[in-house]
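Chemist: Here are the chains, one letter per residue:
2 protein chains.
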Amino acid sequence: MVLPEKVPFRPGYELTLKRIFDRALYMFPDMEIVYRTREGLGRYTFKDLASRVEKLASALSSLGVGKLDRVATLDWNTHWHYEAYFAVPMMGAVLHPVNIRLAPAEIAYVMSHAEDKVAIVHRDFIPLIEAVAPRVKSLEHIIVVDSDGVPDRIGGVRATHYEDLIKGHAGYEWPEVDENQPAAMGYTSGTTGLPKGVYHSHRAMVLHALSGALNVASMGERRLSSTDTILHIVPMFHVYSWGLPYISAILGLKQVYPNRLDPKVLLDLIESEGVTFTAGVPTILYMLLSHPDSGKYDLSKLTFVVGGSALPRGLAEAARKRGIYVYVGYGMTETAPILTLATIPARYLNRSEEEKLELSLRTGWPIPLVDLMVADPDLNPVPRNGKTMGEIVVRAPWVTYEYYKNPEKTEEAWRGGWFHTGDIAVWMEDGSVVIVDRDKDVIKSGGEWISSVRLEDAISRHPGVAQVAVIAAKHEKWGERPVALVVPKPGWEDKLTEEEIIGFLTRNFVEKGEIPKWWLPDKVILVEDLPKTSVGKINKRVLREKYGGVLQ
Amino acid sequence: MVLPEKVPFRPGYELTLKRIFDRALYMFPDMEIVYRTREGLGRYTFKDLASRVEKLASALSSLGVGKLDRVATLDWNTHWHYEAYFAVPMMGAVLHPVNIRLAPAEIAYVMSHAEDKVAIVHRDFIPLIEAVAPRVKSLEHIIVVDSDGVPDRIGGVRATHYEDLIKGHAGYEWPEVDENQPAAMGYTSGTTGLPKGVYHSHRAMVLHALSGALNVASMGERRLSSTDTILHIVPMFHVYSWGLPYISAILGLKQVYPNRLDPKVLLDLIESEGVTFTAGVPTILYMLLSHPDSGKYDLSKLTFVVGGSALPRGLAEAARKRGIYVYVGYGMTETAPILTLATIPARYLNRSEEEKLELSLRTGWPIPLVDLMVADPDLNPVPRNGKTMGEIVVRAPWVTYEYYKNPEKTEEAWRGGWFHTGDIAVWMEDGSVVIVDRDKDVIKSGGEWISSVRLEDAISRHPGVAQVAVIAAKHEKWGERPVALVVPKPGWEDKLTEEEIIGFLTRNFVEKGEIPKWWLPDKVILVEDLPKTSVGKINKRVLREKYGGVLQ
Numbered sequence: 299m300v301l302p303e304k305v306p307f308r309p310g311y312e313l314t315l316k317r318i319f320d321r322a323l324y325m326f327p328d329m330e331i332v333y334r335t336r337e338g339l340g341r342y343t344f345k346d347l348a349s350r351v352e353k354l355a356s357a358l359s360s361l362g363v364g365k366l367d368r369v370a371t372l373d374w375n376t377h378w379h380y381e382a383y384f385a386v387p388m389m390g391a392v393l394h395p396v397n398i399r400l401a402p403a404e405i406a407y408v409m410s411h412a413e414d415k416v417a418i419v420h421r422d423f424i425p426l427i428e429a430v431a432p433r434v435k436s437l438e439h440i441i442v443v444d445s446d447g448v449p450d451r452i453g454g455v456r457a458t459h460y461e462d463l464i465k466g467h468a469g470y471e472w473p474e475v476d477e478n479q480p481a482a483m484g485y486t487s488g489t490t491g492l493p494k495g496v497y498h499s500h501r502a503m504v505l506h507a508l509s510g511a512l513n514v515a516s517m518g519e520r521r522l523s524s525t526d527t528i529l530h531i532v533p534m535f536h537v538y539s540w541g542l543p544y545i546s547a548i549l550g551l552k553q554v555y556p557n558r559l560d561p562k563v564l565l566d567l568i569e570s571e572g573v574t575f576t577a578g579v580p581t582i583l584y585m586l587l588s589h590p591d592s593g594k595y596d597l598s599k600l601t602f603v604v605g606g607s608a609l610p611r612g613l614a615e616a617a618r619k620r621g622i623y624v625y626v627g628y629g630m631t632e633t634a635p636i637l638t639l640a641t642i643p644a645r646y647l648n649r650s651e652e653e654k655l656e657l658s659l660r661t662g663w664p665i666p667l668v669d670l671m672v673a674d675p676d677l678n679p680v681p682r683n684g685k686t687m688g689e690i691v692v693r694a695p696w697v698t699y700e701y702y703k704n705p706e707k708t709e710e711a712w713r714g715g716w717f718h719t720g721d722i723a724v725w726m727e728d729g730s731v732v733i734v735d736r737d738k739d740v741i742k743s744g745g746e747w748i749s750s751v752r753l754e755d756a757i758s759r760h761p762g763v764a765q766v767a768v769i770a771a772k773h774e775k776w777g778e779r780p781v782a783l784v785v786p787k788p789g790w791e792d793k794l795t796e797e798e799i800i801g802f803l804t805r806n807f808v809e810k811g812e813i814p815k816w817w818l819p820d821k822v823i824l825v826e827d828l829p830k831t832s833v834g835k836i837n838k839r840v841l842r843e844k845y846g847g848v849l850q
Numbered sequence: 299m300v301l302p303e304k305v306p307f308r309p310g311y312e313l314t315l316k317r318i319f320d321r322a323l324y325m326f327p328d329m330e331i332v333y334r335t336r337e338g339l340g341r342y343t344f345k346d347l348a349s350r351v352e353k354l355a356s357a358l359s360s361l362g363v364g365k366l367d368r369v370a371t372l373d374w375n376t377h378w379h380y381e382a383y384f385a386v387p388m389m390g391a392v393l394h395p396v397n398i399r400l401a402p403a404e405i406a407y408v409m410s411h412a413e414d415k416v417a418i419v420h421r422d423f424i425p426l427i428e429a430v431a432p433r434v435k436s437l438e439h440i441i442v443v444d445s446d447g448v449p450d451r452i453g454g455v456r457a458t459h460y461e462d463l464i465k466g467h468a469g470y471e472w473p474e475v476d477e478n479q480p481a482a483m484g485y486t487s488g489t490t491g492l493p494k495g496v497y498h499s500h501r502a503m504v505l506h507a508l509s510g511a512l513n514v515a516s517m518g519e520r521r522l523s524s525t526d527t528i529l530h531i532v533p534m535f536h537v538y539s540w541g542l543p544y545i546s547a548i549l550g551l552k553q554v555y556p557n558r559l560d561p562k563v564l565l566d567l568i569e570s571e572g573v574t575f576t577a578g579v580p581t582i583l584y585m586l587l588s589h590p591d592s593g594k595y596d597l598s599k600l601t602f603v604v605g606g607s608a609l610p611r612g613l614a615e616a617a618r619k620r621g622i623y624v625y626v627g628y629g630m631t632e633t634a635p636i637l638t639l640a641t642i643p644a645r646y647l648n649r650s651e652e653e654k655l656e657l658s659l660r661t662g663w664p665i666p667l668v669d670l671m672v673a674d675p676d677l678n679p680v681p682r683n684g685k686t687m688g689e690i691v692v693r694a695p696w697v698t699y700e701y702y703k704n705p706e707k708t709e710e711a712w713r714g715g716w717f718h719t720g721d722i723a724v725w726m727e728d729g730s731v732v733i734v735d736r737d738k739d740v741i742k743s744g745g746e747w748i749s750s751v752r753l754e755d756a757i758s759r760h761p762g763v764a765q766v767a768v769i770a771a772k773h774e775k776w777g778e779r780p781v782a783l784v785v786p787k788p789g790w791e792d793k794l795t796e797e798e799i800i801g802f803l804t805r806n807f808v809e810k811g812e813i814p815k816w817w818l819p820d821k822v823i824l825v826e827d828l829p830k831t832s833v834g835k836i837n838k839r840v841l842r843e844k845y846g847g848v849l850q
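Keeping their order, the protein sequence lines are chains X and Y. Going by the numbering used here, the first residue of the first sequence is number 299, and it counts up by one from there. Going by the numbering used here, the first residue of the second sequence is number 299, and it counts up by one from there.
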């Protein structure tokens, strides 16, 4: 008998999502969960949720859902969705939140590609699933939530009301689940080509949630704890809502599920439920601040983590003026998703507010267990000087193993043993990173790189600018040159001109040495609105098609 | 191509201690580490430590230490010890901190049983290792720390000075290590029979540290963060110093390594280094409070987690009077070690100080990923009523797989798929547990159980009691009956009598219904001191031998 090379597992050793569920039920059975339905606000405790989760698992089992079967969800941020987040993986099946912002043809594609067997569908998406269902051969059952009545069949597929379905069930014997078994899958909302599928094991999801919880509890100016209340704004149909539903369960937060996102409702909930923490894309933050009634609400207790796309400095300052503590988070579907958070390390806590704002607006520092490098094309680290651009490449226990059924893309993404994010960043001496562009959005002008994001940030500081996007237009001499698309704020429609913007940039950035003169956009185009992707990011692909033609 | 049943691992997926090391080096390179040597106080940064850790690994490698080889340490809480905590497991070898409080014959036994190849030895233990080395056949090399000179051979084994050894080395290529490979091992300081060996994988150590860090950062009245300073009092030769050296690295704490524990030095360090957090057995807390100079020190910023044995209420109150925030932690060598912490859940934070003290003195709530049950002999959970006694049984990713080379004890401890702690507790409705006794210390009187710990707690509240132990004495009629051994406080030697103690218990506990009358000790014996075990706990085995004979 000797020391084993590998210590075997004993009961209780597996990192499955049931661990998070059991912990929350043990420690925080009275954790309050507030949810909005078509009937208004409801609330229950985690203990109530737990018994419904058991019923749901039992009901799904009776529909024939077994190990590794995929269960799709087409739902807003509802408590039904949260129940599925636990029940489906814990029973050994695979949760597949479908991005309902995709086009119907794309949804038919991803549901067929994932071979979804059952779909849990919000009433808002009954017309959608009706159109899609006939093209998803694997689909056997549709479960409808937040609806009064449900037809017997939708798009030719049997349909049941969620509440009717679980009514007859009580208790469920949870199976043993291997921690390396897939727990959930999702599809990238890439702006080019078909969506690509990724999946994550229980272990990946659990470690992601533990690490995320540890980071937000131990780092930064406003550390999270079970005295906080979270409003779930990040769509649960997109990158697992950043893992926040699981992180909330670990930390025992009071949680608010707002159903379909409506800015006025969100403002109401923030005030009435005492929300202290939320997260979302910049667009949502912008909507909260620009809503006509926004000024009537006290937002000063709120922390808002911004991710999904770059946070313009102007928007951040507007939020801070309202007392909202804003900082940046970064990740992607492939990475389950959090990679970095701009939670300020303790050594900076005594700095000026101005400095701390700058630090909070960086892309951030890697969260625990994330191994990150800003690399040149040969996979060597670039200098940590805040200037040299490189690609962010990562390793972490929660980075996807592969693109599902797509070995070519997998090999490309994992070349050299690092996962390539496609994000271009500079690396600061203190280990933080600042994304300056997407690989495909960076403007390659005369052999040098121009960061579209940095230009957008500078332009956004003009008081008359509501939204801005900078794209690469083709150029005969330079290859590419920057073009800016600008949405004026109400009242600025007449005053905001190309000359005004270029003059603003010249005076405030070029003459101060913050931006090289040759970065100045060749063209500034005033527009009424900017096209968005399915997840609310500005759709640069559409802009490039429209405005990216040869300049001269 | 289908969804795999088990997601394979990609680079960066393994939970090895190098993850904690790399994270600390990336996020907190300037983390300050203060250490005491024979030459006085020194200080360096984590970055400095990291380069010495590389040198140590390289040096050990040159001595022939390879995968799974055991490296023993016989050392106090020094920075050398901390360097070994990282270097040894990270190079794929196994760290074996030897409990230097064991008898020399026991140390020879555990070092032979573990087959230690190299030993890192503090100068204080040169005489010890000299006596022991000839009996440890596997031992090839001794490395001495905190010493001026080192003889060529100690006890027949080649010897080198630590600093001489690492001097010539620079850089080290860390090998890939499987997370399930053993990282460290230790021996229980059980009061009966030979010490039993346990070992823990990298994964177990990492998850323990992550969970511990998450708990102390997110729960309780005084949440830890990188603005805190920790004084390492829990011996690093015992249960991995409760994982606190790793937890400190994760959280980026300023750390103080005090070398051999000396109450006066500890008090000096607490004040001069601004210590805010420490942990240890009640005896150390008692020593800090009862030191003649204690009153001159400001201890009001200190949090002291007490574990290892029950914290008497009187001692806790004395500590609180000095402004020390005291709470309880619980674990054992077999469980790497933390199982519970009495970090008060948020719902209690508004309670009275009196109530919060009571909560802080419970054995506590399980930390994340610990599955805990208070069970009857048939492994059914006892009611959560705060009254029914049962044994604490647990499952967690960091509970030892087995007793090394001891299948019988392993089977006994793991019967029914739960690890049996041997601790008798009551379970509260809110999920916390309160240990009332060790399985072997509980007094079985007339078929009912009397908790020796509860009696000790009551007696300790008498203003004249310095220390107390209650043991079972044999009794012809009742089987066993309680006997109390009491050490009076200075000045109370004459006033403290058996009648005084019994009267105190009767008035304050029996008449108030807090303790049944039949629990009153049959005998109260005044003594000058109580025997301690190797880790500073009161040695009840010795007391039972001396005072446990038949009473009537």
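Treat the hints with care, as some may be off.
Okay, the calculated bits of chain Y under chain X, using three or more residues with CB under 8 Å as the criterion [what the hints assert, rightly or not]:
(1) 421-432
(2) 439-452
(3) 462-472
(4) 640-651
(5) 671-685
(6) 697-703
(7) 757-771
Simulated pairs of lysine-lysine, DSBU-like, Cα-Cα distance not exceeding 30 Å [what the hints assert, rightly or not]:
(8) X:304 x Y:365
(9) X:345 x Y:654
(10) X:742 x X:772
(11) Y:787 x Y:815
Quick list of simulated restraints, FRET-style, between CB atoms [said to hold, decoys possible]:
(12) Y:330 x X:401: 54 to 64 Å
(13) X:324 x Y:466: 24 to 34 Å
(14) Y:306 x X:677: 17 to 27 Å
FYI, nobody ran anything at the bench for these hints, they're computed from the structure. Positions of the beta carbon are idealized from the N, C-alpha and C atoms, including for glycine.
Chemist: It remains to establish, for every hint, whether it holds in the given structure.
Modeler: Structure-based check of all given hints:
1. Residues of the segment 421-432 of chain Y with a Cβ under 8 Å from some Cβ of chain X number 0, which does not satisfy the need for three, so the listed coverage is violated.
2. With 0 residues having a Cβ less than 8 Å from any Cβ of chain X, the segment 439-452 of chain Y misses the three-residue criterion, and the hint is violated.
3. For the segment 462-472 of chain Y, the stated coverage by chain X is violated: 0 residues have a C-beta nearer than 8 Å to a C-beta of that chain, whereas at least 3 were required.
4. Requiring three or more residues with a Cβ within less than 8 Å of a Cβ of chain X, the coverage given for the segment 640-651 of chain Y holds, as 4 such residues are present.
5. Taking a C-beta to C-beta cut-off of 8 Å, the segment 671-685 of chain Y contributes 0 residues in contact with chain X, too few for the three needed, and the coverage statement is violated.
6. For a cut-off of 8 Å, the count of residues in the segment 697-703 of chain Y with a CB near a CB of chain X stands at 4, and the three-residue condition holds.
7. Coverage of the segment 757-771 of chain Y by chain X is violated. Counting CB-CB distances below 8 Å, 0 residues qualify, and the rule asks for three or more.
8. Note on residue 304 of chain X and residue 365 of chain Y: the hinted pairing holds, with a Cα-Cα distance of about 12 Å set against a maximum of 30 Å.
9. With a CA separation close to 25 Å, the supplied pair residue 345 of chain X and residue 654 of chain Y stays within the 30 Å bound.
10. For the given pair, residue 742 of chain X sits about 10 Å from residue 772 of chain X by alpha-carbon distance, which is consistent with the 30 Å threshold.
11. Between the alpha carbons of residue 787 of chain Y and residue 815 of chain Y the distance comes to roughly 26 Å, so the proposed pair stays at or under 30 Å and holds.
12. A beta carbon spacing of about 56 Å between residue 330 of chain Y and residue 401 of chain X agrees with the range 54 to 64 Å that was offered as a hint.
13. Hint check: residue 324 of chain X to residue 466 of chain Y, Cβ distance near 53 Å, so the stated range 24 to 34 Å is violated.
14. Taking the beta carbon of each, residue 306 of chain Y and residue 677 of chain X are about 22 Å apart, inside 17 to 27 Å as hinted.
In the structure shown, a violation is registered for the earlier hints numbered 1, 2, 3, 5, 7 and 13, in ascending order.
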